[in-house]
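**Q** First to last, the protein sequences are chains A and B. Going left to right, the first sequence walks through residues 1 to 258 as this note's numbering numbers them. Going left to right, the second sequence walks through residues 1 to 344 as this note's numbering numbers them.
What the hints contain is simulated information worked out from the structure, not anything from laboratory work. Just so it is clear, the structure is predicted and the values come from calculations on it, not from any experiment. Please note that the accuracy of each hint is not assured.
[To be verified] To give an idea of the chain A side of the interface with chain B (calculated C-beta under 7 Å), a few residues:
#, residue
1, 85
2, 113
3, 163
4, 226
5, 228
6, 232
By construction, the Cβ of each residue, glycine as well, lies at the ideal position given by its N, Cα and C atoms.
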Amino acid sequence: MDDGLLRFERVSFAYPGSEREVSRGIDLAVVPGTVTAILGPNGAGKTTLLNLALGWLQPQTGMVRFEGRSVAEWGRRELGCRMALVPQRESAAFEHTVLETVLLGRSPHLGLLELPGDRDVEIALEAIARCGIVSFASRPVNCLSGGELQMVLLARALAQKPLLLLLDEPFSHLDLANKSRLLRVIRSLVQNGVTIILTTHEPEIAAAIATHLVLMREGQVRRVGSLDEVMTTPFLSDTYGIPVEVREVNDRKIVLWC
Amino acid sequence: MDRPVAGAVEPGSMPNTSSTRTILLLGGGLLLLLVCSLFLGRYPTLSLMSPELLRTDEMAWRLVWGLRLPRLIAAALVGMTLAAAGTVFQTIFANPLVEPGFLGVSPGAAFGAAFCIVFLGNQAFLVQGFAAFFAVAGLLFSYALAIRMRFGGWLLRLVLAGIAVSALFSSALGILKYLADPLSQLPEITFWLLGGLWSITWERLLPILPVVLLALGVLLLMRWRLNALGLDDTTAFSLGLAPARERAVLLFAAVAATAAVVSIAGMIGWVGLIVPHLARRCFGADCRRSMPAAMLIGGMLTVLCDDIARCAMAGEIPLGILTSLVGAGGFMVLMTSGALHRAK
């Protein structure tokens with residue numbers, strides 16, 4: 001009955017007290033096992049789209065379905081065991097260690113008064129190893145660099161053991177080496193059956209990792225489709241509102257702009 | 001996707017069993033301190049009473065059972081509550097500078113007590129009731145104001161509302177002090193504001209006991225959850241929590257217990273601010289360990305200060321002065337000791 005893990009059906013959303021709709025009539029289906037990049041200029045409504053998928057924001061009209069069921073109908077913990085978010089940034093007020101932070105990813109799997117057990121620590125350590133941050137597992141998170149912290153946040157989301165992983169601008173604070181490392185981790189996740197949705201304002205990132213592309217501008221989805229269909233000179237120029245040119249170099253799409 | 005990674009478990013990253021042992025030691029230390037304090041005092045001169053005396057001297061028995069025991073239990077509970085509530089507030093507001101009374105609770109209680117002393121007389125029960133009532137009123141006022149405020153995020157609005165309501169109650173307290181009879185009422189108000197446990201009896205302690213114990217139980221049981229409630233709303237939500245509801249439960253438990261202990265003890269400064277820091281410094285930021293540690297350290301600190309308050313001089317030294325003195329002194333040492341600095 002349903003051809004998508006996550007479906008947006010004519011979803012519109014405006015923040016309370018605001019006339020401006022930050023999401024307008026969005027129709028979207030995310031197929032399991034794919035990497036969908038949501039691409040668009042700043043303020044296009046990319047993060048809002050993730051928050052709608054998460055159920056944190058509820059659409060005024062339309063519906064977001066996860067596994068065929070409205071996101072609003074899922075129990076909080078139930079959904080937390082299936083869908084995880086890597087936020088854009090996080091500021092730590094106290095000196096929680098990396099392991100303690102990653103362990104919080106086990107929250108949806110544990111009851112209100114339950115403490116994490118050995119099995120949870122094991123899963124957290126697996127996530128830490130998968131993200132390549134074992135060497136600083138016992139360091140406090142507020143001493144880490146932006147790139148290191150990004151991997152910690154990813155490890156925490158992996159400790160949730162999600163089917164669907166939402167990443168909000170995961171590459172924006174990373175240098176080239178860290179970008180490449182994160183790309184490798186994401187690829188290995190996809191091979192293991194995790195579906196990925198990520199937002200980015202950098203077309204090259206989308207070209208490097210995505211199988212599907214969603215172009216957004218001013219709260220609207222301009223184009224949806226496979227990378228090759230959508231990542232074209234006219235579509236990207238329309239999305240960013242400036243002339244850009246998509247070229248292919250060594251089988252990889254790059255974007256020229258000025 | 002369940003590929004286990006061999007060799008990922010490194011010894012230093014496992015939950016620390018030695019800190020669990022230290023926390024148990026702290027618990028034993030608090031019990032020992034309570035037992036010793038029970039026999040310490042002026043009877044008639046300052047000394048450690050022999051337990052033998054309890055069987056032979058009826059006055060000694062009444063002193064220990066009827067006055068010292070409820071007072072010591074109150075001292076321990078005051079410290080435990082303020083430290084636990086401080087941990088909750090600092091974690092949820094992700095702010096190391098907040099303390100449990102700041103949402104209008106402490107100034108509300110102070111106003112209530114002063115109001116009662118000026119207009120209704122200085123009866124312990126009545127003052128306690130008014131202090132508790134206005135402590136809760138201060139919180140509800142802050143909460144209602146935060147809901148109506150058209151500025152900033154929810155936590156910022158709560159902080160701002162707390163500051164505004166506290167200022168309002170403080171100025172009202174100023175008016176009451178101005179109106180109070182300088183010879184009889186003003187000293188009473190001042191003494192109450194300085195905090196102390198000299199008037200604690202079983203009759204005053206028992207009514208607050210259920211609230212305090214229940215609230216401390218909730219805070220202790222939800223301590224791991226508390227870590228996640230300090231994260232951003234969206235992140236906490238994505239981790240399967242209901243951030244608004246769960247924070248409300250913890251804040252309510254913390255404030256109810258704080259209002260209850262403030263109503264019997266008056267203003268006990270610095271415990272709620274300094275002890276959570278101390279616990280985090282010694283046991284790490286994870287509330288699984290820092291929460292019980294804060295409770296035990298808080299309990300020991302107030303019992304110790306109360307011992308000094310009632311033993312050091314012939315007259316009673318107000319407890320709030322001592323906790324502030326020890327707390328502020330300790331804070332300065334703690335914050336300037338280089339060895340413990342780990343964060344940037």
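**Q** If a hint holds in the structure, say so; if it does not, say that too.
**A** Hint-by-hint comparison with the structure:
1. 85: holds (4 Å)
2. 113: holds (5 Å)
3. 163: Since the shortest Cβ distance to chain B is 10 Å, the answer is violated.
4. 226: violated (24 Å)
5. 228: Constraint on residue 228 of chain A not satisfied, violated at 28 Å.
6. 232: violated (33 Å)
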